[in-house]
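Enquirer: Each protein sequence line maps, in turn, to chains A and B.
End of the first sequence = 469 in numbering that gives the first Met the number 0, gap-free, step of one.
End of the second sequence = 220 in numbering that gives the first Met the number 0, gap-free, step of one.
Hints may contain errors.
Claimed, not checked - Pairwise CB distance ranges (calculated): (1) B:Glu143 / A:Thr328: 45 to 53 Å; (2) B:Glu143 / A:Glu362: 33 to 41 Å; (3) A:Trp81 / B:Lys147: 31 to 39 Å; (4) B:Asn138 / A:Gln322: 24 to 32 Å; (5) B:Thr177 / A:Asp427: 33 to 41 Å; (6) B:Tyr13 / A:Glu345: 48 to 56 Å; (7) A:Gln452 / B:Gln60: 53 to 61 Å; (8) B:Thr177 / A:Gly108: 50 to 58 Å.
What the hints assert, rightly or not - Partial pick of chain A residues on the chain B-facing surface, computed with a CB cut under 7 Å: (9) Lys150; (10) Gly172; (11) Asn173; (12) Val190; (13) Gly192; (14) Gln194; (15) Gly196; (16) Phe197; (17) Ala226; (18) Glu295; (19) Tyr457.
Claimed, not checked - Quick list of in silico lysine-lysine cross-link-like pairs, DSSO-like style, CA-CA up to 30 Å: (20) B:Lys186 / A:Lys246; (21) B:Lys79 / A:Lys414; (22) A:Lys440 / B:Lys206; (23) B:Lys151 / A:Lys111; (24) B:Lys207 / A:Lys238; (25) A:Lys440 / B:Lys170; (26) B:Lys186 / A:Lys234; (27) B:Lys151 / A:Lys357; (28) B:Lys207 / A:Lys231; (29) B:Lys151 / B:Lys79; (30) A:Lys231 / B:Lys147; (31) A:Lys431 / B:Lys141; (32) A:Lys448 / B:Lys147; (33) A:Lys234 / A:Lys220.
Worth flagging that the hints you see were computed from the coordinates, not collected in a lab.
Don't be surprised by glycine CBs; every beta carbon is placed ideally from N, CA and C.
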Amino acid sequence: MKPTDNTPGNHNMTADGAGPGAMKPGFHNTDGQGIAGHGSFFQQADLSREEAVKATDWVRKHVDRRTVDLGDRMDDIREHMWELEREGEIIVHRITDVHKPATVKTLFGWEKKIPTNQLWHHKSCGQCGNIPGYPTSLLWVMNNLGMVPGKDYLDETDQTSCTAWNYHGSGIGNVESLAAVFLRNFHQAYVSGKQHGFEAGHFFPLVHCGTSFGNYKEIRKYLIESAELREKVKKILGKLGRLVDGKLVIPEEIVHYSEWVHVMRNRIASELQKIDVSNIRTTTHVACHYYKMVHEDAVYDPDVLGGNRTAIITSLSQALGAQVIDYSTWYDCCGFGFRHIISEREFTRSFTMDRKIKVARQEANADVLLANDTGCVTTMDKNQWIGKSHEQNYSVPIMADIQFAALACGADPFKIVQLQWHASPCEDLVEKMGISWDSAKARFQEYLKEVEQGNIDYLYNPELAYGGAK
Amino acid sequence: MQQIFDDIRSDFRYDHELNGCLNCGICTATCPSAHFYDYSPREIVQLLWTENVEQVYDVMQEKIWACAQCMTCAARCPFKNSPGGLVAIMREVAIKHGMQSAKDVLRPFGRVMLKLITTGNQLSPDMIQPDHFPDWGPNIQKVEGDLKILRKAIPVKTLQTVDTAWEVSLKTSVEMYTIWEMTGVLKSLEMMDENLFDVIEDFIDEKKEDYEDWLEEQGDD
């Protein structure tokens with residue numbers, strides 16, 4: 000038998016069963032080990048070289064580069080925003096040079112502008128109530144990079160949560176209410192500079208929460224696509240006095256804080272980092288609502304895990320010089336489930352233990368699991384202890400990327416990083432970074448006595464929170 | 000039953016979320032809820048796609064509430080379906096029709112709904128205490144102390160709160176109440192849980208009065 004007759008690829012020529020008559024002509028003659036593991040059904044395509052190149056190019060173009068055939072449904076929504084603005088329907092809150100933007104690529108290769116300055120902090124209702132070290136670390140890093148509160152960023156009381164947790168958890172709320180809340184909050188961001196003597200649009204919203212980020216992008220899409228929805232919410236925004244020249248204000252980009260961290264990572268590492276973290280094994284959990292909702296907008300970088308994962312968090316770990324460790328269940332949700340963490344906790348804690356905590360320990364032997372969303376940090380932080388009841392004695396510290404960055408930059412683990420609110424075992428990590436947990440705790444307990452006397456340290460003038468003095 | 004199905008189909012997002020189905024099952028393979036419940040996002044898509052009205056009604060009795068809304072299904076689907084998005088529509092319709100499944104499922108969620116609708120923040124420090132979450136263990140905070148003092152030790156003024164995640168201005172709250180009223184959220188709530196609605200309505204009225212008083216004070220100055 001000639002190699003080219005019945006044995007495509009020249010494989011298994013000498014194996015048992017090889018030879019004429021053993022297989023149908025054209026089929027691979029295999030005893031269980033076909034080409035690259037294919038079975039006996041494998042059939043050579045017999046493509047010419049030109050055809051093979053053409054086929055491979057198609058795969059490269061459409062799969063490797065993640066530029067799948069988007070069709071009409073996957074237009075870049077921002078292009079439609081410009082059209083609506085030209086038609087006088089909306090005002091786009093633009094990112095301009097004053098916001099010192101950095102440009103990054105998204106999943107589909109689209110460019111996204113990330114403002115790095117003049118930011119309106121849109122807080123997270125879960126994060127602020129539960130893991131406050133996440134916003135404090137962010138503001139601390141901004142201050143240490145020389146940003147001036149009241150000019151380069153603003154943290155004010157005139158904002159609600161996006162209310163999407165309620166929507167996803169309970170179904171109470173609807174697209175119209177979510178859209179009105181979105182537009183109300185982002186109108187406030189647009190006009191917030193006024194009380195500080197700046198023009199409209201001075202501050203650009205920086206969204207802290209993963210769910211807010213996903214929800215706002217989804218709602219923006221619906222608003223752009225549906226004239227009916229715009230009409231409905233225009234009445235509400237009009238009643239609230241939150242139209243500008245009779246128009247809705249919609250931001251050019253929805254920007255998550257971890258995207259800000261991503262584009263600032265090299266400055267954080269080069270200007271602020273004080274602690275060598277090369278002995279720390281980090282692994283990453285990115286919020287589902289960061290990269291699975293409106294996934295075309297999530298940031299990817301070919302230099303970060305080959306572009307096979309969204310870049311945020313991992314890129315920060317790389318910049319800080321930590322050991323980045325991957326694990327098989329990286330794609331899984333944390334188990335938060337919105338409703339589940341409140342009323343069906345056996346789902347939440349089982350999922351987080353089985354699919355995240357256990358795997359992060361067994362496969363990655365992680366010193367820390369870094370996340371970028373409130374719900375994920377809460378879920379994976381709080382649900383470790385109960386694992387003991389099923390002899391799942393796995394634990395790993397969980398914190399937001401910016402908390403880890405702040406620690407690496409010398410921030411106090413209690414006063415700034417606020418690790419005292421975490422249930423997971425942060426002590427060993429802090430010690431491994433060369434910071435004395437006990438000393439920091441003793442200092443903090445002394446500080447609490449000062450707080451009782453009303454002597455409180457602030458990251459900025461508290462009056463700014465109410466729109467007062469700079 | 001037909002009306003429920005028609006309401007689902009007439010939602011403007013429906014065509015956005017349902018395009019077809021290869022039955023490949025990748026949505027179910029990656030679904031966290033499918034690990035733990037008798038729930039399959041593929042089933043949801045198939046039922047809606049094949050217009051099986053009776054079975055659509057059946058899954059709304061329980062199954063749709065298993066979805067964790069992580070949207071992994073949507074990110075994975077080769078047909079660009081969003082089973083999680085379809086579930087969101089079905090949940091809204093279940094509430095609109097006052098279905099018992101919605102009432103049952105939402106009951107334990109009352110405390111969160113009360114917090115959200117009245118303050119705009121879902122989680123507050125006073126909710127996240129050991130007695131509410133015994134399964135979180137004995138050491139859910141690493142420093143003992145009075146909650147108010149611990150919150151005062153956060154170096155950001157807006158976070159030095161106990162009953163909200165951050166301090167929300169009165170004007171902001173009142174604007175939010177207007178949104179709830181104008182978008183029918185309060186009406187839905189009344190249908191789901193009349194007692195909770197009454198409590199929330201009283202709270203909102205009180206806050207509105209406070210705001211009116213504040214406005215008058217400003218006028219006097």
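Enquirer: Within 30 Å, alpha carbon to alpha carbon, are Lys207 (chain B) and Lys238 (chain A)?
Expert: OK: Lys207 (chain B) and Lys238 (chain A) at ~15 Å, within 30 Å.
Enquirer: Please verify that hint: Asn173 (chain A), Cβ, nearest Cβ of chain B, below 7 Å or not.
Expert: 6 Å, holds
Enquirer: Would the hint on Val190 (chain A) stand, with a C-beta cut-off of 7 Å toward chain B?
Expert: 13 Å, violated
Enquirer: For the hint on Tyr457 (chain A), just tell me whether its beta-carbon gets within less than 7 Å of chain B.
Expert: 5 Å, holds
Enquirer: Given the hint of 48 to 56 Å, check if Tyr13 (chain B) and Glu345 (chain A) actually sit that far apart at their C-beta atoms.
Expert: 33 Å, violated
Enquirer: Do the numbers back the hint for Gly196 (chain A), that is, is its least Cβ distance to chain B under 7 Å?
Expert: Violated - the Cβ of Gly196 (chain A) stays beyond 7 Å from chain B, reaching only about 20 Å at its closest.
Enquirer: Using the beta carbons of Thr177 (chain B) and Gly108 (chain A), state whether their distance is inside 50 to 58 Å or not.
Expert: 41 Å, violated
Enquirer: Please check whether Gln194 (chain A) passes as an interface residue: C-beta within 7 Å of a C-beta belonging to chain B.
Expert: Constraint on Gln194 (chain A) not satisfied, violated at 12 Å.
Enquirer: Hinted pair, alpha-carbon criterion (30 Å max): Lys151 (chain B), Lys357 (chain A). Please report holds or violated.
Expert: 35 Å, violated
Enquirer: Just to be careful, I want the Cα atoms of Lys234 (chain A) and Lys220 (chain A) compared with a cutoff of 30 Å; is the pair within it?
Expert: Given that 30 Å is the threshold and the Cα spacing comes to 19 Å, the pair holds.
Enquirer: For the restraint on Phe197 (chain A), tell me whether the closest CB of chain B is nearer than 7 Å.
Expert: 19 Å, violated
Enquirer: A closest beta-carbon separation below 7 Å is what the hint needs, so does Glu295 (chain A) meet it against chain B?
Expert: Violated. Min distance 10 Å.
Consistency note: the structure conflicts with the earlier hints numbered 1, 3, 5, 6, 8, 9, 12, 13, 14, 15, 16, 17, 18, 21, 22, 23, 25, 27, 29 and 30.
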